[in-house]
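*Asks:* Required output: the full structure, derived from the provided sequences and hints.
Each protein sequence line maps, in turn, to chains A, B, C and D. Here my numbering is used: position 204 in the first sequence is 204, and no number is missing along the way. Take the position in the second sequence, starting the count at 1, then add 1000; the result is the number in my numbering. Take the position in the third sequence, starting the count at 1, then add 2000; the result is the number in my numbering. Take the position in the fourth sequence, starting the count at 1, then add 3000; the result is the number in my numbering.
Keep in mind the hints are simulated off the structure, nothing from the lab. For clarity, every value in this text was computed on a predicted model and none was experimentally measured. One should not assume that every hint holds.
Pulled a few chain D residues facing chain B out of the computed Cβ check, cut under 7 Å [claimed, not checked]: (1) Asp3204; (2) Ala3205; (3) Pro3216.
Just so you know, even glycine gets a beta-carbon here, dropped at the ideal spot from N, CA and C.
There are 4 protein chains.
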Amino acid sequence: MSTTKSNAAVMSAFNQPIEVRPLPLPATLAPGDVLVRVTMAGVCGTDVHLHKGQLNVPLPLIMGHETIGEIAAAGGEVNDWLGNTLNVGDRVSWTVGMPCGTCRYCRFHRLPSRCLNRKAYGVNTPCDCPPHLLGGYAQHHHLRAGTAIFKLPADLASESLIGAGCALVTMIHAYEKMPIRWAESCVIQGAGPVGLAALAIASDAGARPIIVIGGPKDRLDRCKRFGADVLINIDEVKDADKRRGIVLEHTNGLGADVVIECVGIPTAVQEGWPLARDGGRYMVLGQYCDAGPVSLNPHLITKKELEVYGSYGSEPHHWARAIEFLRARKDRYPFHELITHRFSLEQVNEALDAVASWRTGKAVICPNG
Amino acid sequence: MSTTKSNAAVMSAFNQPIEVRPLPLPATLAPGDVLVRVTMAGVCGTDVHLHKGQLNVPLPLIMGHETIGEIAAAGGEVNDWLGNTLNVGDRVSWTVGMPCGTCRYCRFHRLPSRCLNRKAYGVNTPCDCPPHLLGGYAQHHHLRAGTAIFKLPADLASESLIGAGCALVTMIHAYEKMPIRWAESCVIQGAGPVGLAALAIASDAGARPIIVIGGPKDRLDRCKRFGADVLINIDEVKDADKRRGIVLEHTNGLGADVVIECVGIPTAVQEGWPLARDGGRYMVLGQYCDAGPVSLNPHLITKKELEVYGSYGSEPHHWARAIEFLRARKDRYPFHELITHRFSLEQVNEALDAVASWRTGKAVICPNG
Amino acid sequence: MSTTKSNAAVMSAFNQPIEVRPLPLPATLAPGDVLVRVTMAGVCGTDVHLHKGQLNVPLPLIMGHETIGEIAAAGGEVNDWLGNTLNVGDRVSWTVGMPCGTCRYCRFHRLPSRCLNRKAYGVNTPCDCPPHLLGGYAQHHHLRAGTAIFKLPADLASESLIGAGCALVTMIHAYEKMPIRWAESCVIQGAGPVGLAALAIASDAGARPIIVIGGPKDRLDRCKRFGADVLINIDEVKDADKRRGIVLEHTNGLGADVVIECVGIPTAVQEGWPLARDGGRYMVLGQYCDAGPVSLNPHLITKKELEVYGSYGSEPHHWARAIEFLRARKDRYPFHELITHRFSLEQVNEALDAVASWRTGKAVICPNG
Amino acid sequence: MSTTKSNAAVMSAFNQPIEVRPLPLPATLAPGDVLVRVTMAGVCGTDVHLHKGQLNVPLPLIMGHETIGEIAAAGGEVNDWLGNTLNVGDRVSWTVGMPCGTCRYCRFHRLPSRCLNRKAYGVNTPCDCPPHLLGGYAQHHHLRAGTAIFKLPADLASESLIGAGCALVTMIHAYEKMPIRWAESCVIQGAGPVGLAALAIASDAGARPIIVIGGPKDRLDRCKRFGADVLINIDEVKDADKRRGIVLEHTNGLGADVVIECVGIPTAVQEGWPLARDGGRYMVLGQYCDAGPVSLNPHLITKKELEVYGSYGSEPHHWARAIEFLRARKDRYPFHELITHRFSLEQVNEALDAVASWRTGKAVICPNG
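*Replies:* Here it is as structure tokens:
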């Protein structure tokens, strides 16, 4: 490699400005390791939570867990997760979660998303020791041997994959745990990235009608384009009972077969259980961060014979599905349109502010211009 | 019929003594209707709730929804639910729930336990109009055409069926919604009738280990006889964290594959979610009455990738399963031993007091001596 | 009613011309019975089998099990299956299967499609005793009390429902037993009515790619319009190994996640098992008639870890789903286009000939002009 | 290591006597590799098939895929599959299948039993190149890094694990794919090792009644001890229709909820489908070898709405379950009693003859005396 340093946006303290500084590139790569030149890094809402210290991650940290780049160097022959040979210059993305593969969740329960020793690039991979570059907000990203890398097809725009972001694989995982059956009615709580991903999968899987509860208006307009049948704007219908009334109107007076919570605020679950019909299914998908307890009535679970599911993170095969889906259905679900703001690496603090203030669709950082 | 009146225990007001008085027997029976001479009626904990007015049922009411009797008369040829011919003198029991068969839950969703017009003998069948005798606390019980009646096999003691009570069919329904797989670890919260039924099914289905959390000691001793591997006495281990510690000790430090809540107090659910391993399943079975909301953290559902299920009431095929199970496994699960107190019809108030004070195993009323 | 007779096409012997003759209309209708003036009756491929004596049905018989008509008279107040009030003049259809509701399959196993005493209009309902008119090839159709009747929405053309025919509900039932999950690859063997229904559901449920194996060319062209991604014309690719080769090309060299047999010829199953990937699922949907055994290797089931499913007939809720689907998706799946031939009642033999010779899309009889 | 050679039973040609000869022990062990001193190796019926050349495996081969031994040496620190540290002298067993971990079945479909590059110790691991000792019929067994090794608990006799053999893990895998639900009726075709394993799991999972069809009498007697409710001796009831008649007698005239084929002869599947009730489930478990096609009627699948499943091989977590099950339930399912014959390594041909002639319960080879 011609250079020996790579610029990275390093978070050294919570709630403080992030600073861009050079970090050493590896002199050599261990077998299976890969060095990627980052072309686009998504700024996820989770990064805002990380920056606020809400997830108690180790510092200093290079954030960025939705990243695309080009192979700069590799430690010997490396294949992508699906067996494709990787060459310098190939455009790739990868899963951020790195399960240990040996704990009881990884092995006995085949539940790697709950690995007891899970590492996630850009989340709990501090940058003070080599190989330093373990997050997307940097000119280069180091991928350890065993990372599930995906060579991206030429007809898939980087904007599509980053536009969908980790929200899409999270939803594909959730779908695997709680499939939406053809022709089921579906309520989606939340019109943000996760809600939009849920809408796209529900629509593509034949759910009908699909009712989205959320806001603001521009997000709901996008939901309309992505196939929502009914939109309930929380800025307009401020009373939860009235919102429930609208849901009942479209679901034979009983509630929806399936409700997917994509909000992240605990009270959404409170509002959500009564939106499902008796015998219906409820997915708690948005509560990735611990926002504390809320008052809930377990009698509803018994009486309504509800099924309530949770899903966390994703696995490599969900990424494979996501890439194939985005490629095949780009006309029907134009995730690339979500990207409204592009920032340089130096604008990292500006980028986080923009996401925190909900001013953006999706913001990305392009560390190499 | 030689007599024209039948004595019944009529609840005319909540929290007031129940009075035994004669009610008219039907002069003739419509086609399919059946009149039963009651030999044994279980006093369920739910009856105590009914008597306290906690479920807001219509009055006046003859309670009793776990009943066995002998066919006294029938309106023409009547078969039991499984197609057996019924004759005068046959010993029978029946399902108490009478779904309408025509609402959207009964038809489209095939969920008759959530029928929009559900009637249940002894619960919402007031006795001020004919046919009056629609509860078990009486010398006779009127069964409307269409009731799912079961002729009892000679080798099944009435004490077994009433000892198991509606708790067993409730659990069999719950098992159908959330099967316990062979060799799964299982925590049962509660050692009352529902907990004991859950234990019997879990044990018979090969769960291992089975950990029961409950009390008092005599109930736990019975759980031991019914196959529990580990007993946690809430009177001795008063700290919920310590109880969790014991569960973790027996479940590889992760929590149980399956947890079944059979307590009925909302805080049990609070304690319960952390008892399941990540990716585990949780059944909210005890919250039949609305005991109000409780503080719960939905983040746990997401992070633990939990599945939470509810189940309510039962259907006729669950009764058929229960009868067959009790007959076949009476040695391994001696439900007949639960019956510790027998009362005459006139002692109905005494019977309810005994159950309310948890002094009894299971109490029964034998209205015909 | 002003008339006392209704013309009906009566099959008195197998393989003989069917004769149109008047049969008595009921003088009065029992409570719940309905008399319908038939406007359109589908001629199903099964009717050809019936006419050839391949299903050994009782004679004399009025065939026709895909029928739409207008309410002519009713025995008192009658509701449709979903609770809508029925009035004279309402356009309706109905399920042809009439399960007994009391056998062990109906009750204990909740499998009414396998009712031990099942009656099906137009199939095993001979017309030599009252109420005679129990098939669709007649000016009037008698519906016994308890028939699942559906009032048709104004925006659903009769041609859509008859164009889809019993094939669609059969497939909806099959989907319920073996759901196709979002983004699964799917092979459909057969491009006839059942294959087209399978294609429509698979496409609407998000399967991808969908490969149809069948012929002739015009049927495959229609499959293209209905969303098939890959078409394999059996008239062109005559070698089964080559057909398998094409399937493997589109399924990562492994075979499809899901294969649905919609052919009805036993050798299709022989060809079909190797089209599924290991761990895949196979639905035997076309073998409604007994066409005898075929040479099959059960080792494939073990080695490929296949799941093989069967599905038979349908239930009322499948009809409800079908009606809603056809109404909502008529643009995407134009089943009404299938109807290529209309016949009068007198042309019944001509209609059967046309279907037998595969000259038609879908043929219908309009008994009242 | 003090010795440099280890005696092994080498199969150099099919259908020829196997010869015991010394093969080199490894001079050093690569990191993660383990050398085991074999104490007991099961002689599986599959080994007889291998010896007859029916599976076309590469030669020369050391057979033996059910093996227990003591750790003789290890390449550095090695843990067992569940995380226990392994020390010299520890008694261990291991899974024989070694999936590649990188093919589409291993990764995308999470179906390692169908790995495209699967190696299995004692099956397709020829012994002409180092590390030579890759089968159980030898004084030492070499385990490559990554093998799923299990340290055996002190209270589990080697005889229990080898008595259950690979049949038990095969059945545990099958159960995972097609669970037997509590209280289902169950027919098991075959009373050999796989049938006995199926019986043990079905019994422990609460199936009832369990009907075993097989022979000879001593095997059926053992089935009785393992919990079978009904035994059908094929030597006595030679007519398949009569056998079906007995099954119907015990299953309400309809057939069993679940049928498990554990015979390995294709005609068993022919006899088996009609033994399941409509809507029932059928597991093709015995057809591990390709014994060719048989005449089967796919119409039965459609008409009976059958579900037919296959399962092949096993995964490490099935071994973990098996070990735990055998330890916990040794009194109820005394698999150790199956071992009727012990042979030295030199008696290997005698051992295979004994198994081939069905003279044994289970035969084992003890290569170190």
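*Asks:* Taking the hints in turn, state whether each one holds.
*Replies:* Hints and how they fare:
{"no.": "1", "hint": "Asp3204", "verdict": "holds, 4 Å"}
{"no.": "2", "hint": "Ala3205", "verdict": "holds, 4 Å"}
{"no.": "3", "hint": "Pro3216", "verdict": "violated, 29 Å"}
Of the hints listed earlier, the one the structure fails to meet is number 3.
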